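Here the protein sequences line up with chains A and B, keeping their order. In terms of my numbering, the first sequence opens at residue 1 and continues consecutively. In terms of my numbering, the second sequence opens at residue 1 and continues consecutively.
One thing to keep in mind: the hints can contain errors.
What the hints assert, rightly or not - Pulled from the structure, derived: some chain A residues nowhere near chain B, Cβ distances all over 12 Å:
1) 136
2) 190
3) 225
What the hints assert, rightly or not - Pairs of lysine-lysine, DSS-like flavour, derived with a Cα cap of 27 Å:
4) 213/B with 125/B
5) 216/B with 227/B
6) 26/A with 129/B
7) 125/B with 26/A
What the hints assert, rightly or not - So, partial list: chain B residues that the calculated Cβ filter (under 8 Å) puts toward chain A:
8) 15
9) 17
10) 31
11) 151
12) 153
13) 155
14) 246
15) 268
16) 280
Bear in mind the hints are in silico, worked out from the structure with no lab data behind them. All figures in this text were calculated on a predicted structure; none of them were measured in a lab. Glycine included, every Cβ here is placed at the ideal spot set by N, Cα and C.
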Amino acid sequence: MEDELILKKVSEARRKQLTSMWVVFKSNRVAYASLYVLAGILLLVVIGFIYTPYNPYEFDLSKARQPPSPQHLLGTDELGRDILSRLMVGGRYTVGISFISVLLGSLIGSILGLISGFFGGRVDTVIQRVVDVALAFPTSLLAIALMVSLGPGVLSLIMAISISTFPVYTRLVRGVVLQVINEDYIAAVKLLGRSSWYIIFKHVLPNVSSPIIVQTSYYLGFSILLASALGFLGLGIPPPTPEWGSMVGTGRVYLFSSPHIVVFPGLFITATALSFNLIGDGLRDALDPKSRMFLRRF
Amino acid sequence: MTLARYLIRRVCHSIPTLIGALLFIFILVRVLPGDPARLIAGPEALEEDVQRIREQLGLNKPIYIQFVDYVSTILRGDFGRSIKFGTPVINEILFRLPYTIALALVAEVIAVSVALPLGILSALKPNSKVSYITSVISLIGASTPSFWIALILIYVFSVSLKLLPSSGAESPRHIVLPAITLSLLLMGNLTRITRSSVIEVLSSNHVLTAVAKGLKDRVVIMRHVLKNALIPIITIMGLQVGNLLGGAIITETVFAWPGIGSLLIDAIFFRDYILIQGIILFMVLTFIIINIVVDVIYAYVDPRIRDVLWRMS
Numbered sequence: 001m002e003d004e005l006i007l008k009k010v011s012e013a014r015r016k017q018l019t020s021m022w023v024v025f026k027s028n029r030v031a032y033a034s035l036y037v038l039a040g041i042l043l044l045v046v047i048g049f050i051y052t053p054y055n056p057y058e059f060d061l062s063k064a065r066q067p068p069s070p071q072h073l074l075g076t077d078e079l080g081r082d083i084l085s086r087l088m089v090g091g092r093y094t095v096g097i098s099f100i101s102v103l104l105g106s107l108i109g110s111i112l113g114l115i116s117g118f119f120g121g122r123v124d125t126v127i128q129r130v131v132d133v134a135l136a137f138p139t140s141l142l143a144i145a146l147m148v149s150l151g152p153g154v155l156s157l158i159m160a161i162s163i164s165t166f167p168v169y170t171r172l173v174r175g176v177v178l179q180v181i182n183e184d185y186i187a188a189v190k191l192l193g194r195s196s197w198y199i200i201f202k203h204v205l206p207n208v209s210s211p212i213i214v215q216t217s218y219y220l221g222f223s224i225l226l227a228s229a230l231g232f233l234g235l236g237i238p239p240p241t242p243e244w245g246s247m248v249g250t251g252r253v254y255l256f257s258s259p260h261i262v263v264f265p266g267l268f269i270t271a272t273a274l275s276f277n278l279i280g281d282g283l284r285d286a287l288d289p290k291s292r293m294f295l296r297r298f
Numbered sequence: 001m002t003l004a005r006y007l008i009r010r011v012c013h014s015i016p017t018l019i020g021a022l023l024f025i026f027i028l029v030r031v032l033p034g035d036p037a038r039l040i041a042g043p044e045a046l047e048e049d050v051q052r053i054r055e056q057l058g059l060n061k062p063i064y065i066q067f068v069d070y071v072s073t074i075l076r077g078d079f080g081r082s083i084k085f086g087t088p089v090i091n092e093i094l095f096r097l098p099y100t101i102a103l104a105l106v107a108e109v110i111a112v113s114v115a116l117p118l119g120i121l122s123a124l125k126p127n128s129k130v131s132y133i134t135s136v137i138s139l140i141g142a143s144t145p146s147f148w149i150a151l152i153l154i155y156v157f158s159v160s161l162k163l164l165p166s167s168g169a170e171s172p173r174h175i176v177l178p179a180i181t182l183s184l185l186l187m188g189n190l191t192r193i194t195r196s197s198v199i200e201v202l203s204s205n206h207v208l209t210a211v212a213k214g215l216k217d218r219v220v221i222m223r224h225v226l227k228n229a230l231i232p233i234i235t236i237m238g239l240q241v242g243n244l245l246g247g248a249i250i251t252e253t254v255f256a257w258p259g260i261g262s263l264l265i266d267a268i269f270f271r272d273y274i275l276i277q278g279i280i281l282f283m284v285l286t287f288i289i290i291n292i293v294v295d296v297i298y299a300y301v302d303p304r305i306r307d308v309l310w311r312m313s
């Protein structure tokens, strides 16, 4: 009976905490607005699965390089393809790949960080050496090197970005774990004879989740830039796939006469990355003002 | 004495990292699709010639011997010969390096001369116009793809206004646009760190004492705030060398700036794997060395850290 009462109080407290977080987040108007911008972009990308104004792959040279008009809202590219349609389809690559890779990177990185910080000893040494090596490469150089080695394609891109992002998570999570496991309450739980995994999931994980969430929001912005930079360099997904970065890459030849081919994909990349960064700022303030020190925005 | 000991200890610490990085680069190149010997010999070469090249490169030996060979040639400062140019890789790198250094230095100077004043001002006057501009600049760096900014700058300053050249490195004017592009990549973080570390120092007791003593604001800021705020700023500048190197790859490619970044992209398209391997290793080495230097400077400027670290070593 008493246990139930405590549980009820705990869940109520948690709900209150969540509500107050939401209030803080909402009070940051810029972050709140970014949520709408991001939702708008994602909506366009989702609609792109069912409907696009024109076929994004079919070219018609008689309509090449038209500036924006009522027929083609964002104009046409060098092969006469509708840029809006291409952006709607390309989003699933640029944004989708970033999502999956950061998810993978954060998952692998966080698990390694948990293990490293919690168990210490030799496991810790090995994991930290691996992380040292990964961090010895400038992030975009690491991604470029991996793309060269793995060859172009969606799968390579996901691997390259997730390998480039995991080490920061490992460091971050390990740092928080080392702080948490020295607290008295963890010693108490250990005395109760709970298993290591129980302690990790019940007591350590909740403490590391806020920095992970904030870092992920920043990293989503960063990986959009990274994925599109690889596309721009011609190392990403080969044409005719309309990945946003490679659209800028192939369109740059026509910068002098038809800048719109370059401007619109760039605006989409910027708007998406900007939203993630602003949402990250909002989340950081809402979740845990103390965690500012750890987090790294690019 | 203690400085030398700390330096040696720090260098020893990075040896495992270096070996790991060498192994990683070695594996990356071995995984590369296609037979490197066939690639060097060309598509029409006879099987015997390919076999001969394979033996020359040691590709017929067991993989761990190949790695030992690779490490020992690197230790002798031999990065191999470029497949495309036929010249030693290290010569190609050293020939292009001054351009990358010049670009990085100019970019860093631009970034610092914008970020420091902005960061300090916005820390002193939060919620002002300056603080607003500061957060916008800090966001531009973090949210716009640098290749796109580069193209926009070219469109505005080269195509429309015809003020500055858009590619090449013939005159000092050619460095302006690539340096601005690269500096935007650094400016945001630098401004943010300056701002937050100045805010932190401002709220510390010794600044309060200095103000209470009746020192002028300018004196307090120059003598007490800036000196202490510089430590995190230096650290960030060291960490940003990675951003500089990565950013240089893209910036140099867009502006056809003949540094090692554009050399890497060229090497990738020539499938010159020995050159690729050499440039990646060179960049990683630079990054590791600069991190050591930053750590040493860091330990040197902050007496608290200095004492602890040197007692340990």
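A quick look at each hint next to the structure:
1. Look at residue 136/A: its CB is around 5 Å from the nearest CB on chain B, not clear of 12 Å, so calling it non-interface is violated.
2. Every CB of chain B lies more than 12 Å from the CB of residue 190/A, the least distance being 30 Å, so the non-interface label holds.
3. Residue-level check failed: residue 225/A sits 5 Å from the nearest beta carbon of chain B, not beyond 12 Å.
4. Between the alpha carbons of residue 213/B and residue 125/B the distance comes to roughly 22 Å, so the proposed pair stays at or under 27 Å and holds.
5. For the given pair, residue 216/B sits about 16 Å from residue 227/B by alpha-carbon distance, which is consistent with the 27 Å threshold.
6. Simply put, residue 26/A and residue 129/B have alpha-carbon atoms about 23 Å apart, close enough for the 27 Å limit, and the pair holds.
7. Restraint check for residue 125/B and residue 26/A: satisfied, since their Cα atoms lie roughly 25 Å apart, inside the 27 Å limit.
8. With its C-beta approaching chain A no nearer than about 11 Å, residue 15/B sits outside the 8 Å limit, and its interface hint is violated.
9. Because the closest C-beta pair between residue 17/B and chain A is about 4 Å apart, less than 8 Å, the hint holds.
10. The beta carbon of residue 31/B comes within 5 Å of a beta carbon in chain A, closer than 8 Å, and the hint placing it at the interface holds.
11. With its C-beta approaching chain A no nearer than about 5 Å, residue 151/B sits inside the 8 Å limit, and its interface hint holds.
12. Look at residue 153/B: its Cβ only gets to about 11 Å from chain A, farther than 8 Å, so that hint breaks.
13. At a threshold of 8 Å, the smallest CB-CB gap from residue 155/B to chain A is about 5 Å, leaving the interface hint in force.
14. For the restraint placing residue 246/B at the interface with chain A, the shortest Cβ-Cβ distance is roughly 3 Å, inside the 8 Å limit, so the hint holds.
15. Look at residue 268/B: its Cβ gets to within about 5 Å of chain A, closer than 8 Å, so that hint holds up.
16. Because the beta carbon of residue 280/B sits about 5 Å from the nearest beta carbon in chain A, less than 8 Å, this interface hint is met.
Checked against the numbered hints listed earlier, the structure breaks hints 1, 3, 8, 12; every other hint is satisfied.
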